[in-house]
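If you read the sequence shown in full-length UniProt numbering, its first letter stands for residue 1, the second for the next number, and so on.
Just so you know, these hints were derived from the structure itself, not from any lab. Certain hints may be false.
Stated by the list, open to error - When the alpha-carbon atoms are kept at most 30 Å apart in a straight line, the in silico DSBU-like pairs for lysine-lysine are as follows: (1) Lys322 x Lys172; (2) Lys374 x Lys355; (3) Lys474 x Lys447.
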Amino acid sequence: MSEYFPYEKLRPNQKEFIDLISEAVKNGENAIVEAPTGFGKTISVLAGVLPFAKEYGYKVLYLARTHRQMDRVIEELKAIHRKKPVSGVELRSRKELCLHTYLKQFTTDAYNAMVVCKNLKKLGKCPFYENEKKKKAEFEEVIRFFLTEPSHPAEILNYAETLELCPYDLTKRIAEKADVIVASYLYALSPSIRESLISSLGVDYSDLIVIFDEAHNLPDQAISALSDRLSIHTINRAIKEADEYREHEIANFLSILGKGIEKLYSEKLAERDVEEAPVQPELVFARVVDILGINERWLVKTLNEMVSVGDTIREDRIEKGKPPRSYVGRVGEFLLLWLSLIGRDDYLFLMTREKGMSLELVALDPSRALAFIKDVQSAIFMSGTLTPLEAFRDVMGIENARMKKFPRMVKRENAQVLVAKDVSTRGDERSLQAYRKMVEYIVEAVKLIPKNVGVFTASYEVLQGLLSANLDVKLEETGKAVFIEQQGASSRDNDLMIAQFKAHAKGNGAVLLGVMGGRNSEGQDYSGDEMNGVVLVGIPYARPTPRVQAQIRYFEKKFPGKGRYYGYYLPAHRKLVQAAGRVHRSAEEKGSIVILDYRVLWRSIRKDLPDWMTETMKAVTLPTMRLYLKRFWSNGR
């Protein structure tokens, strides 16, 4: 057993997991590991990497998707520390780790927060930063204190507030010497944020061991980190801002540019019933080039000037106590990126209806975000849903990788997978009548499955279809409380809703309505009666939009014969499995999975599902589903 494993007993297969990670790290290899929910992946991977990292001075960068997952890593580090000394710190955004009222009040994104922080310091308007110099001894003492054991962000924040010191700077200084740094994916996937982190830590990539938790999220998260969008609203605001600051040449440039984009919009989208359309990237600048008679060199000079003017505007607004944004700077940054990517086949240039009218840069190759891992000592990717591992390796461009799939610890008698053979959410089969039939299945399942049930649909469109067939009304008649996931809800509001949903497990139970691929069907853990069953409505295939079609074409070119599979089918199948996995947190937990889509019975889809699902899968109709559920739950919980 590893000296950094803090618990008395190992769960099944944990020793093999720890040994695999340990060998990979020692040999400078990468690892791709699938291990089920409840396996203990977090503590196992830490136990595997820490002996080598501590002995040879490597820094562990542990990356997760949500704050809840990041907090869990700190909890495990605290458990390890009770057995063997280890230090760890969790990075959060400036806004979350700032005590200055101005930054907390106005900033929204990481870039603006960085600019505001920099300028407040430069102008001597941040008392917490000024106190770092005045209270240097206390500042250094607090750093030493938090290096004695792993700490949550709230603990650092409380100390910093008491001493009137900057929590963000304090966290960064702790991170310089900490054994383990816990952070969100963005710290690795965003090139600018990653470079800033590496610089602040004073390390090389070769000094790092990087762990990606819940790695099935990586393809989508990498695409998001490498993509960007600009609305016509922002361009119009930039024109007004340029005039306000007497930058009339920039205002004239933007006015001509905006009219050219509006003309393109009318040609591409205005008269058509589509949400997005590819656009030749050069056409965005065509009107400006024609009217002003400029070349590309002059265009680049103008855009760089806009970025510089944007920095000046932000500084001015900070001094005046106004929101620290600059529309001019934002447009300049986006258009420079747009211009630099012309001719690249790994980007799609789009015009969309989002927020009225927008230009969008869509990255097509998620592996670009992981190019840096070739320089690290070892990169570890783990999740409960990575099957097939070879496909994940290909899509993310991971070389020199050990791959291992650990079996799910679900006892056969505790697992039940029922697939309705007479319903589907295929586009040509969707109708009010079909939704009513699905509502019958859902209501019967909710009645027969004790306590809490999750109902996760292929999309919000399908969820709305079910609601139009009075799903929520009929569910309320079962006596269980109904909670509906809200698109665009804040993390705080969503967490509050989930806490209320889980609380009903102690009473009559509740039903949670949401979507596959959403935060509640993937990022949440439900134990015991908090999720006795899930009903999965449809398979979450993406709509065949231009971006999806471009993704398929790109993968087909990169992986001949596999483009549609990698770009369309496999991502949906993984989301289905993730949602199904909410039921079982341990081998002892009993749960039912009802899938309302006969396509899951097809061999082409079943091959992407884990053994624990296919081994217990049964095709049913409404009457036979009732019989199976009654029999399954009559044996007690």
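Results of checking the hints against the structure:
1. Only pairs whose Cα atoms come within 30 Å are accepted, and Lys322 paired with Lys172 is accepted, the gap being roughly 27 Å.
2. A C-alpha spacing of about 39 Å is found between Lys374 and Lys355, which places the hinted pair above 30 Å, so the restraint is violated.
3. Note on Lys474 and Lys447: the hinted pairing holds, with a Cα-Cα distance of about 11 Å set against a maximum of 30 Å.
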